[in-house]
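K.L.:
One letter stands for each residue in the lines below.
Protein chains: 2
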Amino acid sequence: MKVEVDCIPCVFKQALSASRRCTNDVYTLRRVQYELMKLVPQYSFELTPAEMSYYAVKAANEVLGCEDPFAEEKRQSNVAMLDLYPRLKKIVESSSDRLHTAVKIAAAGNVIDMGILHRFDVRGAIDDLLNGSFRIDHYESLRRDLASAERILYLADNAGEIVADKLFLETLGRKDVVVAVKESPILNDATMEDARAVGLDEVAAVISNGSGMIGTILDDCSEEFRDVFHAADVIISKGQGNYEGLDERPENIYFVLKAKCPVVARALGVEEGEAVLKSNAKGNR
Amino acid sequence: MKVEVDCIPCVFKQALSASRRCTNDVYTLRRVQYELMKLVPQYSFELTPAEMSYYAVKAANEVLGCEDPFAEEKRQSNVAMLDLYPRLKKIVESSSDRLHTAVKIAAAGNVIDMGILHRFDVRGAIDDLLNGSFRIDHYESLRRDLASAERILYLADNAGEIVADKLFLETLGRKDVVVAVKESPILNDATMEDARAVGLDEVAAVISNGSGMIGTILDDCSEEFRDVFHAADVIISKGQGNYEGLDERPENIYFVLKAKCPVVARALGVEEGEAVLKSNAKGNR
Numbered sequence: 001m002k003v004e005v006d007c008i009p010c011v012f013k014q015a016l017s018a019s020r021r022c023t024n025d026v027y028t029l030r031r032v033q034y035e036l037m038k039l040v041p042q043y044s045f046e047l048t049p050a051e052m053s054y055y056a057v058k059a060a061n062e063v064l065g066c067e068d069p070f071a072e073e074k075r076q077s078n079v080a081m082l083d084l085y086p087r088l089k090k091i092v093e094s095s096s097d098r099l100h101t102a103v104k105i106a107a108a109g110n111v112i113d114m115g116i117l118h119r120f121d122v123r124g125a126i127d128d129l130l131n132g133s134f135r136i137d138h139y140e141s142l143r144r145d146l147a148s149a150e151r152i153l154y155l156a157d158n159a160g161e162i163v164a165d166k167l168f169l170e171t172l173g174r175k176d177v178v179v180a181v182k183e184s185p186i187l188n189d190a191t192m193e194d195a196r197a198v199g200l201d202e203v204a205a206v207i208s209n210g211s212g213m214i215g216t217i218l219d220d221c222s223e224e225f226r227d228v229f230h231a232a233d234v235i236i237s238k239g240q241g242n243y244e245g246l247d248e249r250p251e252n253i254y255f256v257l258k259a260k261c262p263v264v265a266r267a268l269g270v271e272e273g274e275a276v277l278k279s280n281a282k283g284n285r
Numbered sequence: 001m002k003v004e005v006d007c008i009p010c011v012f013k014q015a016l017s018a019s020r021r022c023t024n025d026v027y028t029l030r031r032v033q034y035e036l037m038k039l040v041p042q043y044s045f046e047l048t049p050a051e052m053s054y055y056a057v058k059a060a061n062e063v064l065g066c067e068d069p070f071a072e073e074k075r076q077s078n079v080a081m082l083d084l085y086p087r088l089k090k091i092v093e094s095s096s097d098r099l100h101t102a103v104k105i106a107a108a109g110n111v112i113d114m115g116i117l118h119r120f121d122v123r124g125a126i127d128d129l130l131n132g133s134f135r136i137d138h139y140e141s142l143r144r145d146l147a148s149a150e151r152i153l154y155l156a157d158n159a160g161e162i163v164a165d166k167l168f169l170e171t172l173g174r175k176d177v178v179v180a181v182k183e184s185p186i187l188n189d190a191t192m193e194d195a196r197a198v199g200l201d202e203v204a205a206v207i208s209n210g211s212g213m214i215g216t217i218l219d220d221c222s223e224e225f226r227d228v229f230h231a232a233d234v235i236i237s238k239g240q241g242n243y244e245g246l247d248e249r250p251e252n253i254y255f256v257l258k259a260k261c262p263v264v265a266r267a268l269g270v271e272e273g274e275a276v277l278k279s280n281a282k283g284n285r
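So the protein lines, in turn, are chains Z and R. If you're matching positions, the first sequence starts at 1 in the working numbering and goes up one per residue. If you're matching positions, the second sequence starts at 1 in the working numbering and goes up one per residue.
Wrong hints could be hidden among the right ones.
Just so you know, same-sequence chains aren't split out, so a pair can sit in one copy or run between any two.
Stated by the list, open to error - Derived lysine-lysine pairs resembling DSBU-like cross-links, with alpha carbons at most 30 Å apart:
{"#": "1", "residue 1": "58", "residue 2": "89"}
{"#": "2", "residue 1": "282", "residue 2": "58"}
{"#": "3", "residue 1": "282", "residue 2": "38"}
{"#": "4", "residue 1": "2", "residue 2": "90"}
{"#": "5", "residue 1": "90", "residue 2": "38"}
{"#": "6", "residue 1": "90", "residue 2": "282"}
{"#": "7", "residue 1": "175", "residue 2": "13"}
{"#": "8", "residue 1": "13", "residue 2": "90"}
{"#": "9", "residue 1": "58", "residue 2": "90"}
{"#": "10", "residue 1": "282", "residue 2": "2"}
{"#": "11", "residue 1": "58", "residue 2": "175"}
{"#": "12", "residue 1": "89", "residue 2": "282"}
{"#": "13", "residue 1": "2", "residue 2": "13"}
{"#": "14", "residue 1": "38", "residue 2": "58"}
{"#": "15", "residue 1": "89", "residue 2": "2"}
{"#": "16", "residue 1": "89", "residue 2": "13"}
Simulated from the structure, these hints should not be mistaken for lab results. As the structure is a computational prediction, the values presented were derived from the model and not from experiment.
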C-alpha cells in the first residue's frame, strides 16, 4: 500500500513523539518539525507509509544527533513482557486450541508500538483478544499451511512483542522457523540484541533482515534475507510496517497485526484498533 | 495559553479534516498540506493554538476556494440537537439541581466539534457527564455570581451545541443574558444564522462578536462586543478556542468545556476528554 494524505499529519506526530525521547527542549523540537516541513514535500507518494515514517524519523534523529531514542524503552518492554511470560504460557497451555491462543497473544503483543501509539495497555489488549476474536481470521488456513510447510519465515516487529512471538513459536513446537529482526535500531523495532535478550534465539533461527528500515523493504534487505524470503512456504508477518510494504507480494504471507491507524484499518477493511490474522492469498475469504 | 509544539501535527490534521469537507481529490488535499508546510514555520509561537488553527484553516480554505466547508454539517447538528432538545429539557426539569444539570448538558454539548474531533457521540457525552461530574467544578461559585450579576455574557462555541446553551439559558430563567456568536463562518462555530435556526435569540440577546476567528480574539472583535465583554460581571465561556485565548484575562470568566486535546488538558490539569466548569478567579480552588 502507498502513502495517503492522512500520513502527512501522522508523520509529524510520529517524529515529535520520537524526538521527545531525545530532548524536551521546545526549540529543538520545533526545529525538527520545521526541518520536516522542508523534507516531506520531497517524499514520493509512491512510498509506503512505513518508508515515509522511516525517512522522517531518520531526519529527526539527525537533527537531534540521536541514533537510538528508544533503546531504554525497548529494554523495559522486553523485561515487562518477560515478566508477563509465565502467565501467558499458562493461558496457552490451559486453552483448547493452543496455537490459536498463542497467535492471538502474538497479535495482542503488537499493541506495543512507540512509533504510532503513545499509550498502550498490553495486558488489556491480550484480555480483549482472548475474550474476543480476530476481525479477519484465516487461522484454519494458517494451521494447515504450517502443518505442511518446510520453510517458515517469521517477520518480527517490536521489542517486547517478541516475547509473545517466542511463545507462539514454542507452541508451534518446531525449531526450524527462521525469525527475521532489524539490522539496526529504528523506533522500537526488535533487533538481534532484543532477540537475544528475550531468548528468541533459543526457539528459532534468528537472522537479521539486513535493513534498518521500518517494515520489510525488500530492496533494502540483504541478499541472504531475500533468499530466505523467496524460498519460504509460509511467511508470518507481524505489524503494520510489514503489512504496508508486503500486502501486494505474491508469496504466501499471513499478516498478524493490530490496525493502529485509519489508513491501515481502511486498507484491511476493519476498524482502528482491531486485530487481524489475514492471508494475502486470494482463495481466502 | 500559547501554541505548543504538539499543535503543529494537529494543525495539519485539522486542516486536512476541514479540506475533506470541500474535496476528496487527493492531489488537492496534498497541495493544501504542502502549502501549510510553507506557512506554519512563519507562525509565531506567541499565538494561541486557536489562532494558529485559524490561520491554517483559512489558508486551506483559500487553496480550496471554499469559504464555509462546514455549512451543511452545522445545519445537521442544529437539527439533531433540536430533535434531542425535548428529552434534554425533561432531564433538566426532573433533576434536583436544574441549573447544575443544565450546565453539565451545555458542557457535554461541547463534544460537537468538527475542528479537532472527527467522531463524536453527543448522547454518550451527555449520559457520561450526567452520571459523572465535572473534573473541575466551580458551580457553586458560578451560581452565586449569576444570582448577583447584572450583566452576563455568554460566549457560544459550536453549532448544535448552542441548543444545549439555549436550554441552560432557559433554565437560568433571565432574558437579559447577552450571547455572542461569530461574525462569519469558521469551522463549525455558531454564527447568527445558527443562533436564529435554533431559537437562541428567543431566550437571550444574541450579538456578533465582530470576528470570524476561532475563539475570542479581543483585538479582532468589534468595539461593541469589547464593551460588552469588559462591562460583564460574569462571562461564561464555552469551548477550547475561547479558553485558549481568554485563560489569562482579568475578567470574571467561567470556562465550560471538554478538554479535547493533550495541550489544553495539560493546561487545565485534567485528562483528555474530561469536562470542566472552571473559574479563572484565583480564589477558586
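K.L.:
Hint by hint, note whether the structure agrees.
P.N.:
Status of the hints after comparison with the structure:
no. : hint        : result
1   : 58 with 89  : neither (37 Å within a copy, 55 Å between copies)
2   : 282 with 58 : neither (36 Å within a copy, 46 Å between copies)
3   : 282 with 38 : neither (41 Å within a copy, 44 Å between copies)
4   : 2 with 90   : neither (40 Å within a copy, 51 Å between copies)
5   : 90 with 38  : neither (51 Å within a copy, 55 Å between copies)
6   : 90 with 282 : neither (36 Å within a copy, 55 Å between copies)
7   : 175 with 13 : neither (40 Å within a copy, 46 Å between copies)
8   : 13 with 90  : neither (38 Å within a copy, 44 Å between copies)
9   : 58 with 90  : neither (40 Å within a copy, 57 Å between copies)
10  : 282 with 2  : within (20 Å within a copy, 52 Å between copies)
11  : 58 with 175 : neither (35 Å within a copy, 60 Å between copies)
12  : 89 with 282 : neither (34 Å within a copy, 55 Å between copies)
13  : 2 with 13   : both (19 Å within a copy, 19 Å between copies)
14  : 38 with 58  : both (14 Å within a copy, 21 Å between copies)
15  : 89 with 2   : neither (37 Å within a copy, 49 Å between copies)
16  : 89 with 13  : neither (36 Å within a copy, 42 Å between copies)
Figure legend: structure checked against the earlier numbered hints; hints not met, in rising order: 1, 2, 3, 4, 5, 6, 7, 8, 9, 11, 12, 15 and 16.
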